Structures are given as structure tokens and as C-alpha cells.
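Visitor: One-letter residues, chain by chain:
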Amino acid sequence: MSKVIRLKVKRRDNPNQAPFWEEFEIPYRPRMNVISVLMEIQRNPKNAKGETVRPVHWESSCLEEVCGSCTMVINGKARQACSALIDHLEQPVTVEPMSKFPIIRDLQVDRSAMFNTLKKVKAWIPLDGSHNLGPGPKMSPELANERYEFSKCMTCGCCCEACPQFKLDGPFMGAFSFGQVHYFNEHPTGKMQEDQRLDAVMDIGGLVDCGNAQNCVAACPKGIPLANAIAELGWDTTKRAFKKLFDE
Amino acid sequence: MAQPKVIVVGGGLAGLMATIKIAETGTPVELFSVVPVRRSHSVCAQGGINASVNTKGEGDSPAQHFYETVLGGDFLANQELPKRMCEAAPSIIYMFDRMGVPFSRTPEGNIDFRRFGGTLFHRTAFAGSTTGQQLLYALDEQVRRYEAEGLVKKYEGWEFLSGVMDDDKTCRGITAINLVTMETRVFPADAVIIATGGCGSVFGRSTNSMICTGSAASSLYQQGAVYANGEFIQIHPTSIPADDKFRLMSEACRGEGGRVWVPRDGKPWYFLEEMYPKYGNLVPRDVASRAIHKVVHDMGLGVDGEPVVYLDLSQLDSKKVTQKLGGIVEIYEKFVGDDPRKVPMRIFPGMHYSMGGMWIDDNHMTNIPGLFAAGEVDYQYHGANRLGANSLLSCVFGGMVSGPEAVKYAKGLSRHTTDMPQEIYDRELKRQKEYNSRVLKMDGKENAHVLHKELGDIMTKNVTIERHNDRLKETDTKILELMERWNNIGVEDESSWANGELVFVREFYNMLQLARVIVVGALARDESRGAHYKPAFPDRNDKDWLKTTKATYTANGPKLDYEPVNIKYHEPKLRNYA
Ligand SMILES: Cc1cc2nc3c(=O)[nH]c(=O)nc-3n(C[C@H](O)[C@H](O)[C@H](O)COP(=O)(O)OP(=O)(O)OC[C@H]3O[C@@H](n4cnc5c(N)ncnc54)[C@H](O)[C@@H]3O)c2cc1C
Ligand code: SF4
Ligand code: SF4
Ligand code: FES
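If you read the sequences in order, they're chains A and G.
Number 175 in this note's numbering belongs to position 175 of the first sequence; there are no gaps in the numbering.
Number 529 in this note's numbering belongs to position 529 of the second sequence; there are no gaps in the numbering.
Derived by calculation from the structure, the hints in this document are not laboratory data.
Careful, some of the hints might be misleading.
[Claimed, not checked] Below, simulated BS3-like cross-link-like pairs (lysine-lysine); rule was C-alpha separation at most 30 Å, straight line:
#1 G:K559 <-> G:K430
#2 A:K120 <-> A:K222
#3 A:K191 <-> G:K153
#4 G:K441 <-> G:K408
#5 A:K239 <-> A:K191
#6 A:K49 <-> G:K559
#7 A:K77 <-> G:K334
#8 A:K46 <-> G:K294
#9 G:K56 <-> G:K573
#10 G:K453 <-> A:K10
#11 G:K408 <-> G:K453
#12 G:K550 <-> G:K408
#13 G:K445 <-> A:K8
#14 G:K320 <-> A:K8
#15 G:K478 <-> A:K49
#16 G:K153 <-> A:K119
All of these numbers come straight from a predicted model, not from anything done at the bench.
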């Protein structure tokens, strides 16, 4: 018998339906990843019992692990399906949607909470306008490199999925937002809004709720130094709290 | 006068830049995107963005940048917009700098620049190896700020279906479908900017993102928008073929001594070194692509009978490889699972970029009044071939031009969308809803994804590196056959919630239409220019073909017209990098 890939998908057609597991067997080819297996199911939507089923629904775009779309829980760990190589996974491969975000269908979840959090923490530089005002502030290569590490956050949600404090529909903001606050506070112009960002992470669901278990650090596929951000923000928010105390 | 209403479709660099420019005038914007805009395809760009800032004191200038852009495009680009783009480039880099993009820096703290193809100057600004991601995020953040202020309303997870045209063939809005609730709705507007990116999916697998379907552009083409220079498709010589896509593999590998070979008679055959003893593995991109194409498709020597050749670093000192090519080697390890220091990499040329696109004038307006286009979806700027790191620039610049032009147009209208009879909106909405119902009822024998693969395979084989008229005709026949078979698709999913199949079947039809534009345009153009290479007509022919292809939709297929190229600044010269 020729080799097959066994894939178990946790499915549901809509949020109101109870989830169920469906198994697929796909002819093996070398160098496949989870996305190419899902694509194969689209071309031949039959489950392991040979029944014709609805093709699996999922989200993906870049297929280069840079857009963050295709995050799902594969063999128990939240990661990107496009860089999950079948040859490196134990079979049957189980794939399920992330559990910390509202489900849409099959493997797709709704991560708009993450984008809303970026609004809340003012994750931007307050620009006077996009017209020509000359270059920005000079910056040492060291600072540029340090900021670069944080700039790679692709809002994928792995850090949220792994975090004991982050709960479905809960207020906790998630480690990525701490990384982003740090990223903008480090910039000479962004620093002008530092207090507003610190106030945002001192609000409900902010840094105080972080148990510092650092699951997020291990979960981040981009190796973002979240522990540094959390530590520095801890210090900055303490200073800010004192300042507020004395100002009042 | 009431506030004009402007819609931007697409939230890559072009769409976001246009949105910012419009919001800055105090005009509200509705922004549509199939994915959250922060996940748009622009995120993939690694290399960088060009601007002649002359940081290294080499005497570089916007004029030089402009000339090289025109030369790189083999003189097919109209010269007005590229000139303005190159002049604006330094201020664009400064804008991103002020937005906080972590550009790589010089010891003095200035933005650093590196060299890229088609130039001798250090002209490319970069942020590590993820420049596109950082530029996209910077614009996304500014747009989020306007969103928080209420000036921008985002429709993320909505797919554009069609334009709404009034009885004078003026664009008055769009229809779109919500990809979760499947609600189809009409959105009135005084001006619409299309910034939906490239069309990689027409070739099945490419270096593009999955969402680069060209569907929006094709839909508008079928509604009367002219599509220009569709036949010009850039192929990247070294990408990693996989079942799901082609991932870019940097040219730096060959620069550091990587050798290209295939097994022949049980021994490695270093065909580039044998065919081009002088340049060897470092022949220019198009030459390398053509040689690989020949060895695989004409001689049948692909590795294991597959369209694959080896790019070999394993004979090099592995420490040196780690030191010089670390990041690149990592990409290969991550996605293929092999260590290029030990085993040769499996590579093949891959479809990369569409120089052609929606026809626009120098104000970025299409031939349909009120309908604008910017970014990879438009056809200006790159002529017959795009220089590396010029695309991010043209997308941003296109957004900067189209945004304010759309506002100006909308403000100058004598009749606004609010003055339009409801009938024009109702009839387009009805047409789209009927189309959806029809697709949901399709219960034929064909699988849309299998048909898509067939389209991709033949387009990749016959319409990329080398083009022969007989094979182009065969491809067109095949596309017509696929259009027939499209009618016999069975949609395995009849649900009215997050139905990706419904959307894909519609996108696929649009891909087929766009594929015809590309193929028919290529068939007609009997010359070789830039990325378009016909062995039977190996030279550029300015006498007959220094002109822009303009394809108009008819029920019998694309009708081709031509218009002269604006060459007012530089007369065509031979393109020669030897
Ligand atoms: C791997 C790779 C590397 C590259 N590297 C470089 C580089 O280093 N330098 C360079 O200059 N160029 C590079 N390019 C090219 C460049 O990245 C693209 O040309 C550019 O990003 C396109 O930007 P855009 O704004 O036109 O569209 P995109 O960024 O493609 O955005 C399109 C937008 O339109 C939306 N959309 C599409 N269809 C619809 C629809 N029907 N309805 C609603 N919304 C829709 C999408 O959701 C998205 O928001 C590279 C390309 C690739 C593939
Ligand atoms: S440190 Fe722990 S609690 Fe804090 S964000 Fe990370 S995973 Fe969550
Ligand atoms: S911090 Fe890391 S894990 Fe969290 S969203 Fe960003 S990239 Fe993903
Ligand atoms: S598809 Fe973009 S990260 Fe996987």
C-alpha cells in the first residue's frame, strides 16, 4: 500500500454547531505542509471513510509565515500551518482552531479583538501628516535593530493561545500588545505618547494581570523578545503609577 | 455641498497610502479588503524600496533612478509617472522614517541603502529582511489612527464583486460580499480606487499570496475597464517550488558561489557554466530562467522528472555559508526541511509580478470615470520589466496620486451619488445576488480546484519564460475549454455561512477571463521585450511594437487596441547589461 498522510480536523460549520472530528487520508508526497494537505482535500473532498464532505475551511494568505493568517493548533500547539511540514509531524496530524478566539467555521477564528487592542494602546506614531517634512530622527543602529525585533509581530495570536491569562471574550490584552507598546515607546517620536500607552496597559486587562509565566515567549514563532517588553513595561508602569500618585 | 464619498478597495501599500491621503483632506473613506489589511500581500516583500537619497555620496540622483527604471522596463513605460515617482522617492522614504519604520541604519544613524538589480548605486532602503512587512505596518498603523478618529471605516473580510455603473458608464459605487455572513451589499460612492494587487493565482502557484487572484480587476474588465500590457509577467529565476506555492530564493546564493545543475547520464551537468562560460551561474535573471526552462521543458532533464533543478551550496564551506547566507538558508530549512549546507536546494523559476494591469491615465483614473486604480493592479511605471525594489515605491506613489485625485474628481462632480436613481444600485445588487444563487446551485461533475490547477499548469508551462505562438494558441484553446467546464462545476457546499467555495468559483471564473487577456496579448506581440520573450522573434521591435496593449472585453474574447508610449524624456536605446 502506498503511503498516506492521516489528518484529523476539528470541524464545525458555524458557531452554533457542536464541534466534531473528521479524519482524512491523503496520498503522501514529500515536502508537503499542512496547507498543501488542506488544498489536496479541496481537490478531492472525501473523508477517510470515502464519504464526500464539505472541503475544510481555513484562512491563509502569504504561505511564508509572515502574514499571520493561517495560525491553528497543530498537534496541540498553536503555530502557522504554512510552515508546519508534514515530514516533521507525528501522525495522525491533528488540526483544530485556536480556542481563545471566537470561532467562525472549521479552522477559522475571529481575531478582531487583537486589532482593537492595537487601537486601545495607540500603536502608532502620531504623525503631523504624510507630506514632506524631511527625515525622521536619527537613530543608532543598535536601537534600530532592537526595535526591528519587535516590528516583526504578525498579530498571529500564538502568544494569546498559549497564555493562561488570555481567555475567550476576557479583558486580558495579550503579550503581543505589550511588545507593541514597547516598540512605539522606544521610538523618539513615539515616546511623546508614552504616558497614554502606559495608561492603556495599566487599565483593566493590562499588565497587572500578567502572571509572568512566559508561555507567550516560548509560543511566539517570530522569537519576539516579549519577556524584555514585559519586564521594561513593568518598570515603566511602576514609575508612571508613582508619578500619578504624586501629581494628584 | 455634502462630503464626497470615496471607497478604496484593497489595503496593501497602495490602498492604505490612498486612504491616508484622502483622510488627511478630511474626507471619509470606506476601505475594503478580503483579509485584515495588516495581512495584505505587501507583507511578503523582503528586499527593499528604492530611492535615490545618495547617502553614500556616489552621485546618485532621481534623474538617474528614472532613467534606469525606463531602461529596465525596456522603454515600454509611459515616462510621465515614473519620472514623478523617482522624484518623490526620497520624500517617501523620509515619510516612512517619520512613521517609525525600523530601517537599517548607518553608523551615523542615517538610513542605510544597499544595491539591487539594474543599478550600480546603493539605492535600496531596507528593514532587515522584512521591508514590505514594516512598510505595510507603518501605513496600517496610521490608518488605524484615522479609524479610531472615525474618518476611516474598514470593511475587512469583504470581497469586492463588481462596480456600479450608471447609465453614462460612470462608476457610482461597488458591490461586495461579506466572507463570513455571505451578505451581498451595494455601497454607493462618488469615486472608487481599486488597489487589489497582483494576479499570481492565474498561474496557479506563484511567489504571490493566495489572495492575489486578480479577480477584482478582471471583474471590472468584464464591465468595460481597459486592461493594459497584460502579457508582461515577471518570472523570478530561483524560487522554491512546493505543492502550495513558489517561495522566493534570493539571488545572493548564486552571488556567493552557488552552482546550478541537473543530473545527466548519472553525473551533475552544470548547464549554465557550459552554456555561458563567461558569466556561468551569474548570468542575468531572464537568461538564467530561459536556460532552466530549456533544460527542463525542452530536454526533459528536470530532477526526478519534475520541473526542478538544483541550486547547490553544499560544495561551499559551510561556515562561510552560514555567515553570509544565514537568513536565506533558514528559509529553505523552515519550508523544505533540508539543510542547504548538506544537500542541494531544489529550485525553479516562478511567476512573480504582473507589470500589466488596469489601464490608467496620468491621474490614475481608468477609462471609466470615477474609477481609479493604484498599485500592482495598475499598468503604469514598470513597462516590460520591473526593477527590484521599485514596486513598493510605485504602490506607495500610486496611492499618493490616486487618493487626492479621487477626492478632486468627487468634489468636482455635478451630480453626486446621492442624486443617482436608486435603480442603478438595485439592478447591480440583483445581478450579483442572482450570480451567487446560480453558483450555489451548481451541481455538475467538475471540481473547481482541479480546474484551477489545470489552468495554472498550462499557464506556467506556456506563458511564462518562453512563448511560442503555437503553444499560446493551444493555451487559449485550453482556457476556452476550462470556461466550458466551469459551467459543469459542482459546488460541494451550499451553506450560507463562510462559504469559501462560492467565492472561489466566482474568483476562478475571473481568473479565466484574465488569463485570456494575458495569452491573447502575448500571442499578438511578435517581438521580445523585457519579460516577454519569443524565440521566433528574439529582438525588440520598436518600429512595430513600441506601443501599449489595451484589451477590452467583448463576448467573443479580448479585443486588442494599441496606443503609443509616451517617450518624451528618453529615446529608446538598446537594453544591454553586458
Ligand atoms: C515574495 C515577494 C517579494 C517581493 N519583494 C519586493 C521587494 O523587495 N521590493 C519591491 O519593491 N517589491 C517586491 N515585491 C512586489 C510587491 O510586494 C508587490 O507588488 C506589492 O506589495 C503590491 O502591493 P499592492 O498595494 O498593489 O497590493 P497588495 O499588497 O497585494 O494588496 C492588495 C489588497 O487588496 C485586497 N484585495 C484583493 N482583492 C480584493 C477583492 N476582490 N476585494 C476586496 N479586497 C481585495 C487584499 O485584501 C489586499 O488588502 C515582492 C513580491 C513578492 C511576491
Ligand atoms: S507572561 Fe504569561 S501571563 Fe504574561 S502574557 Fe505571557 S503567557 Fe500571558
Ligand atoms: S508576539 Fe509573536 S506570537 Fe504574539 S502575535 Fe506577535 S508574532 Fe504572534
Ligand atoms: S499564510 Fe501567512 S503566515 Fe501562514
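Visitor: All hints are to be evaluated individually against the structure, with a verdict given for each.
Guide: Taking the hints in turn, this is what the structure says about them:
1. G:K559 <-> G:K430: holds (28 Å)
2. A:K120 <-> A:K222: Given that 30 Å is the threshold and the Cα spacing comes to 23 Å, the pair holds.
3. A:K191 <-> G:K153: holds (27 Å)
4. G:K441 <-> G:K408: violated (44 Å)
5. A:K239 <-> A:K191: holds (15 Å)
6. A:K49 <-> G:K559: Violated. A:K49 to G:K559 sits at ~49 Å, over the 30 Å cutoff.
7. A:K77 <-> G:K334: With a Cα-Cα distance of about 17 Å, the restraint between A:K77 and G:K334 holds, given a limit of 30 Å.
8. A:K46 <-> G:K294: violated (38 Å)
9. G:K56 <-> G:K573: OK: G:K56 and G:K573 at ~28 Å, within 30 Å.
10. G:K453 <-> A:K10: holds (27 Å)
11. G:K408 <-> G:K453: violated (43 Å)
12. G:K550 <-> G:K408: holds (26 Å)
13. G:K445 <-> A:K8: holds (27 Å)
14. G:K320 <-> A:K8: Violated - the C-alpha atoms of A:K8 and G:K320 are around 42 Å apart, more than 30 Å.
15. G:K478 <-> A:K49: Status violated; Cα separation ~35 Å.
16. G:K153 <-> A:K119: Holds. G:K153 to A:K119 sits at ~14 Å (cutoff 30 Å).
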